[in-house]
Amino acid sequence: MKLSSQSADVSQNIKIKSWTQQLMKDVKKDWELYVFLLPTLVFFIVMKYGPMYGVQIAFRNFNGALGILGSKWVGLAHFKSFFASYYFPLLVRNTVFISVYSLIAGFPMPIILALMLNEVRKSKFKRSVQTITYAPHFISTVVMVGMLITFLSPSAGIFNHLRVAIGLESRNYISEPALFRHIYVWSGVWQNTGWSSIIYLAALSSIDPQLHEAATIDGASRWQKIWNINVPGILPTIVILFILSSGSIMNVGFEKAFLMQNPTNMETSDVISTYVYRRGLISAEYSFSAAVGLFNSIINFTLLILVNKLSKKLSETSIW
Amino acid sequence: MLKSQNGDRIFDTINMVLLGIITFIVVYPLYFVLIASISDPDLVNTGKVVLIPKGITLMGYVRVFQDKEILTGYRNTIFYAVAGTMINLFMTLTCAYALSKKRLRGRSFFTIMFAFTMFFSGGLIPTYLLVKSLGMINKIWALIIPNAVSMYNIVVARTFFSNSVPAEIEESAMIDGCNTTYTFVKIVLPLSKALISVLALFYGVGHWNSFFDALIYITNRNLYPLQLILREILIQNEMKSAMMEVMADGDDMVSMQMKIASMIKYAVIIVSSLPVLIVYPFLQKYFAQGIMLGALKG
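Residue numbers (our numbering), protein chains in the order written: chain A, 1 to 320; chain B, 1001 to 1298.
Simulated from the structure, these hints should not be mistaken for lab results.
Where hints are given, some of them may not hold.
[As the list claims (entries may be wrong)] Once the Cα atoms are required to be at most 27 Å apart in a straight line, the calculated DSSO-like pairs of lysine-lysine come out as: (1) Lys29(A) <-> Lys1102(B); (2) Lys1102(B) <-> Lys25(A); (3) Lys1193(B) <-> Lys124(A); (4) Lys1193(B) <-> Lys1101(B); (5) Lys15(A) <-> Lys1102(B); (6) Lys25(A) <-> Lys15(A); (7) Lys29(A) <-> Lys1186(B); (8) Lys72(A) <-> Lys1132(B); (9) Lys126(A) <-> Lys1193(B); (10) Lys1285(B) <-> Lys122(A); (11) Lys1101(B) <-> Lys29(A); (12) Lys25(A) <-> Lys1101(B); (13) Lys1285(B) <-> Lys124(A).
Input sequences plus hints: build the corresponding full structure.
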């Protein structure tokens, strides 16, 4: 009994030894590949996993002088005080509202644009439309918001010139809380529709042309072909992109919301990420705002997993 | 048959008209900025400039190029974009090449480890504290190191290397006695010009347009990138003047300042956005490929 277990140990040892030997041999033979990988590996460990280690300050009262591990452990205190605060329902409402609105308004647009572009036979016209609709994607958020403020300006903006021309009073759009969401979402549609259509166009171009030929012989109309061939053909792409966008439903683009904020529209423009920035980096309440940020990441990650699972069940399409 | 051809023609016409309207909606604001930048600001502000420039003047541009802060910002941005993109490309291409090789031990472990960070992160505050503790505040490294590589682009490049570079060419080079580095630099990279130009564009535009990292990591105005200067001109000033209009009629000082600001704001948008808007159409044919390769399952 003892003997056999010993021999099992020995053979186990040999196995491990030969595995490590094989590993050493492989690494030695291809050492260059590992050197290629090294800078990026270090980057991910330090710059991406480093903050994941550092996020434990959400459970402590972080004090720079004491370091992360030296700071006092307070458990869920910061989370509790966030959930109990006046801001919590407001921030969650604003964040979810803007994201869901963006998703509903912005998600179908690129699909429609791609389906339309796919029907165009004049390739020069098609290419020009593509080039122009991609352009806003390359404009920086600062310029985008700068343009919005200029166009919506109460005295010099083009929208107010129109209003005045038809006899209405000019409005200060950018400072009205009720309008913030619409401006945020529809300017996003303007900026992103063209660029987001690329992936659907690529998916459309990989649909088997024989399907279209067969449908034409059977007398199908253009509409019928779009609806019965093109739409089902890009459905897996649609589902995957939908999963990915659902995973960031609590992730309002920080930069644009931050730049569009002003004291008069905070009631609708304050979202979780801008709050984290304000409390964390302006007021230096590191632990509290790290807790708010962590809460946000966990919700996002959970949503991503849930939607992915659901989609796996319903359509056998998933991102992993 | 004739009827269906007619139907086809109607369909095509409606489709093209709708696409024409969409294109107009996209292009008009950009066109307006362009004509406003060369028009008399008073005519622009009173809504007289709609379709063609009026009272043509280049004063806006002259003022932009006389402004020391804008020029410094511009120079800084060019430097950050070039240096940042070079580091991005170096890291992305080498790492993606390693990950594209099946003989790399732990290949799927590394891939999962890197990809996980696309879906979960430590968040803003821990990242800020890390950058601070690494002593990068007010150093250009703060704008380069935290974004040294993007997993999304690694996936694009990895898929390109395994699908679009013929394995036989690499193998025969290896048999001829070339080592991995030589094969990568002399054989694989020259075959990857499309990939490299798309990655350079994506990374370059990212650096060119970013302002947030500079906002939190850089306090020295001499190191400000263009976007932070733009933020002051286009957003902070404008917000202030919009607020003032609400509260009271501004005094002369304020209205003079506003006039100067409105003179340069259109010109500065053009000057800052033009480099990017000129480059991307040349690479347009690679976009579809670049984006498809990045689709996670690829």
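Verification of the hints:
1. Lys29(A) <-> Lys1102(B): Holds - the C-alpha atoms of lysine 1102(B) and lysine 29(A) are around 14 Å apart, at most 27 Å.
2. Lys1102(B) <-> Lys25(A): Judged against 27 Å, a Cα distance of about 16 Å means the pair holds.
3. Lys1193(B) <-> Lys124(A): Holds - the C-alpha atoms of lysine 124(A) and lysine 1193(B) are around 25 Å apart, at most 27 Å.
4. Lys1193(B) <-> Lys1101(B): Between lysine 1193(B) and lysine 1101(B) the Cα gap is close to 20 Å, so the pair holds against 27 Å.
5. Lys15(A) <-> Lys1102(B): holds (23 Å)
6. Lys25(A) <-> Lys15(A): Given that 27 Å is the threshold and the Cα spacing comes to 15 Å, the pair holds.
7. Lys29(A) <-> Lys1186(B): holds (20 Å)
8. Lys72(A) <-> Lys1132(B): holds (21 Å)
9. Lys126(A) <-> Lys1193(B): holds (25 Å)
10. Lys1285(B) <-> Lys122(A): holds (16 Å)
11. Lys1101(B) <-> Lys29(A): holds (13 Å)
12. Lys25(A) <-> Lys1101(B): holds (16 Å)
13. Lys1285(B) <-> Lys124(A): Holds: lysine 1285(B) and lysine 124(A) sit about 13 Å apart, inside 27 Å.
Of the numbered hints listed earlier, not one is contradicted by the structure.
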